[in-house]
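Student: Each chain is listed here by its residues.
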Amino acid sequence: MTAPAIELKGISKAFGPVQANKDISIRVMPGTIHGIIGENGAGKSTLMSILYGFYKADAGEVFISGNRTEIPDSQAAIAAGIGMVFQHFKLVENFTVLENIILGAEDGALLRPSLAKARKSLLELEQEYDLKVDPDAVIEEIGVGMQQRVEILKALYRQANILILDEPTGVLTPAEADQLFRILGRLKDEGKTIILITHKLREIMDITDTVSVMRRGEMTATVKTSETSPEHLAELMVGRKVLLRVDKTPAQPGNVVLDVQNLRVRDEQGVERLKGIDLQVRAGEILGIAGVAGNGQSELLEVLGGYATGTGTITLNGQPIDLTGKNSDGRSRRANGIAHVPEDRQREGLIMDFSAWENTAFGYHHDPRYASGILMNNAAIKADTQEKMDRFDVRPPHPHLAAKNFSGGNQQKIVLAREIERNPDLLLVGQPTRGVDIGAIEFIHQQIVALRDQGKAVLLVSVELEEILGLADRVAVMFDGQIMGTRAATDTDEKELGLLMAGVTA
Amino acid sequence: MDFLTLIQILDSSVRLATPLLLACLAGLFSERAGIFDIGLEGKMLAAAMFSAATAAITGNVWLGLLAGIGASMFLSIIHGLASITFRGNQLISGVAINFLAAGITVLVAQDWFSQGGRTPQLSGAGRFEGFDLPFADSLGSVPIFGPTYSELVSGHSILVYIAFLAVPATWYVLFRTRFGLRLRAVGENPAAVDTAGVSVVGLRYAAVAICGVLCGIAGAYLATALQAGFVKDMTAGRGFIALAALIFAKWRPWSALWTCLLFGFLQAIALRFQNIDLGVITVPVQLMDALPYILVVVILAGVGGKAIPPRAGGEPYVKER
Amino acid sequence: MDVMPKWAEVILVPLISLILAAILSALVILAIGEDPVAAVRLMITGALGSTYGWGYTLYYATNFMFTGLAVAIAFHAGLFNIGGEGQAMLGGLGVALVCLFIPWPHWSMALIAAVVGSAVFGALWAAIPAYLQASRGSHIVITTIMFNFIAAAVLNYMLVNVLRPAGSMDPATARFDEAVHLPSLHEMLAPIGINFSKAAPANVSLVVALIACVLVWLLIWRTPLGLEIRSFGKSHRAARYAGIGAVRITMIAMLLSGGLAGMMAINNVMGEAERLVLNAVEGAGFIGIAVALMGRSHPFGVFLAAILFGFLYQGGAELALWTSIPRELIVVIQALVILFTGALDNMVRMPLERMFLAMRRRPNVQAGE
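Protein chains in written order, with our numbering: chain A, 1 to 506; chain B, 1 to 321; chain C, 1 to 369.
If you're looking for bench data, these hints aren't it; they were derived computationally from the structure.
It is possible that part of the hints are untrue.
Facing chain A, a subset of chain C residues (Cβ under 7 Å, in silico) [what the hints assert, rightly or not]:
{"#": "1", "residue": "227"}
{"#": "2", "residue": "231"}
{"#": "3", "residue": "235"}
{"#": "4", "residue": "238"}
These numbers come from a predicted model, not from an experiment.
C-beta: ideal position from N, C-alpha, C; glycine also.
Here chain A stands alone, though its shape is the one from the complex (with noise of 0.2 Å):
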């Protein structure tokens, strides 16, 4: 009987008082793509993390090939033959991809040799893998899809037969992710062993051949793909049966009240990122915005938020809201009746270091209701929270504890009672249960429901396809800055929406 490739046994991590990873044993059989999946936050990246050498375990042992090995650092990973693929890619972004693939595995001291041993095996490569690249361009100027190609070159040129690849389909269209996985199945077919974490089922299904199910630290379950389903797969993540669907009735949608025509939005680098969008949201429904991350949604939130500016018109309730100049800002925005629970709730709903009732007045700090004077009332904001926390169910309610002290959902609850409370006409969110416990989730999804119900308009975008059409009543796909098409929930489904996705219009 060969040896796994990999054996990982007891091993266990604490970050501070939060335990990651507790006990966790897992194989994996040479020349096997094996899955690992769980929500955010069961500790899978941490996991991986721990084998090749980025974090420390506290506890615990690898096996390589049947063999203990020690993995203080990234340094023994490589020597161990693991190449990792990180979520957020680990490359110099104005270095070229030569000098990224060689970087930390140059032969000798000086760069000339190094760079042409590079150029060669590169070639070798792309013929024995079909993964093509220009090997003179710059990180910064190349796609994501590319710069993907370029971290798992990084580890074929050294020599790696396990690679770790952590939720490498985030960034990428369904078209990207097939090609992909095609280049995995060809790793696979050349013996290489391949570690894929995920939390999209459906790429467990389609490509692994075990798979594992880690759930809050723990490894829940390790089963063959070809023995298990989506649904109980789905079970096991979450521990009980999950509501896919939300409950609610059909909308009855009421006036248009945003009103959104030719918007185009430029980033820093004068690149055109919005490229003429049109939509409109009526009162009573949900329109919810699909696509691929980094394709305009986030664009769109900031300036409909206030905080990036474009040209184009956008009314609410007929009136012109400002696009430029000093009325188009958060502040102004809030004023007109919209109100935002922005995609990072981490860096932009919240101030982490701010008590909850500071974060209560945050982007309402002008509010009378919270000022006497020029002086804030801090008293009426504590008594406003708590209401509001109690209303919300934020656990532990304490109006005195730092944001950072509550969990992700109940974080989200604070930013989702200071704005759904505010009674705007308008409401956008965006990845409104992203690192939300299943509980909470349950719980925002029925807040905005009932938001709609009392007649209001809500502007949802999320890169969960599952929860876009759970929960809108209309879905529009973005595609590289434009909408692609707008369906209704009801009527369409995961193909047809992942092909618009894709830029593919039927």
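Let chain A serve as the given structure and place chains B and C on it in line with the hints.
Tutor: Just chains B and C, lined up with the frame of chain A:
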């Protein structure tokens, strides 16, 4: 202005540019590796004091140079500890180092020599004397080229030549060697270096150490070659002019050379002429003194292309959670 | 997660940093052959043992309160203003112009005008770096350093070529008129029967500094603008989301910072020297950095740290007078305080955090990434 005056001013520019150049290259290594260093001034000052003191005591300027490098390295290690090991604020650490040097140099000089915080006047083997390049005398009579060679190129102390040779050496190390590739990478994206199996901490300490050595030479040059001994606060802002030059040169070695020569030239003019009468207006000496600083502000304002520092500069490297 | 309780964060960490700085300073004193215990005793009697000593201690502390508040306000906005020195120099120029060229009937009116003049000049000097940071992203640390040097050149030019009285060789302005003389603590306390030293320079500016501490506290912790400044300092993206303008906050914070640094001039220029000299600031702008770090950017902390540094300055002067320890010892202590409370903060903090963690470890353990 006659030709000889010009040659003399240029000669003086070279001498004044030398400490700027050494300190500028020192900063270049550090900042290219992602460690901001506003403590160049302090390191130079400490090196100036300890080199002059050691040279005065031993009568050997080479021992003085070593002591100067040692003192500068000591401060570099503190900076490394603060900004690499303990991931502190690099700017605050730099400020602290400048004050530490300003205080300790006077304290020690006073304790050792009791001359009001100075070191004794250096002479003979206690100083770096200028030395003549081959044929300096015989070529002196050739018109134009002769005086240029014998007055401007020849006759400097060995440290001047070291400083100028350090420019191509820095370029070569940075852009043609493995060490340079890794150094530049760690200043741009330390995570890339870390995951490639190379020690971020090691590289950054190496860069900070090189910075210490170069600042040490710069300080020793000030006290044992340009001047003949240490006096309180003798760096007089040169560390900051070097920093200014580094930004002006956009963190590139050859540009650093030209910038430091320009700033040295400005200093030489200010030294020689005091107020400059241009006929229409008189340029006050204070304007000449302030010119390098003003130029940097103009550059930082984005006139003539943006000065973009290494991307990971100033940020301690923490593995993401 | 908060690992340490708040009291440890606010009191224990700075205290340990201070003790470390003190131990190293004692070693330095030992190394130059003096007795640290005797030195401390001398410093205490010299700085706190008489109203004369207190008068100097409080005089220095007044300077440091202004510059410390200046650095602290900028810190709250996430900006590092190293330009306090230059801003205080320009503040001196503002005070000198106000005092020299307007015939004031009473010191109180002159003081108000001088506060405005110094604050405006200081703020203007901070305005250019602030604007460049806000609109061009030019690193404010570098530009404020450059502006310190440019300020020195400007002041030098003004004193040598413009403000120097005819016939004087000294690069300084003429003495201010008697009418703008600020009451010293001696003059203020005499009516209520306290006999305070006549020779000490502490003056009514101390009261202005204390008022400034209170106002800054109100501004930072009790007003919407304070919330905006703190938000911007913590997260630019969050501030942008909330509609808090980056340019506006950077400008406001730096103008306030520069204004406070400039206001120091009412103490040293108007209250003490009664004329403007070249090196009037004497490094107080830089000490503001140590004071703000030590005081954790809180006005009350700044107040305490300013008194501490006032004590060190006066005590250090006494040491230099009676022992062979030069005044530069204070510069070393200042450097060590900046090093330990600022740059090596983690060195002090990490073992403490580990300790508190170990203490709480036993109960609840939760999962996460």
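Student: Each hint needs a verdict: does it hold in this structure or not?
Tutor: Hint-by-hint comparison with the structure:
no. : hint : result
1   : 227  : holds, 5 Å
2   : 231  : holds, 5 Å
3   : 235  : holds, 6 Å
4   : 238  : holds, 5 Å
In summary, the structure agrees with every hint in the numbered list given earlier.
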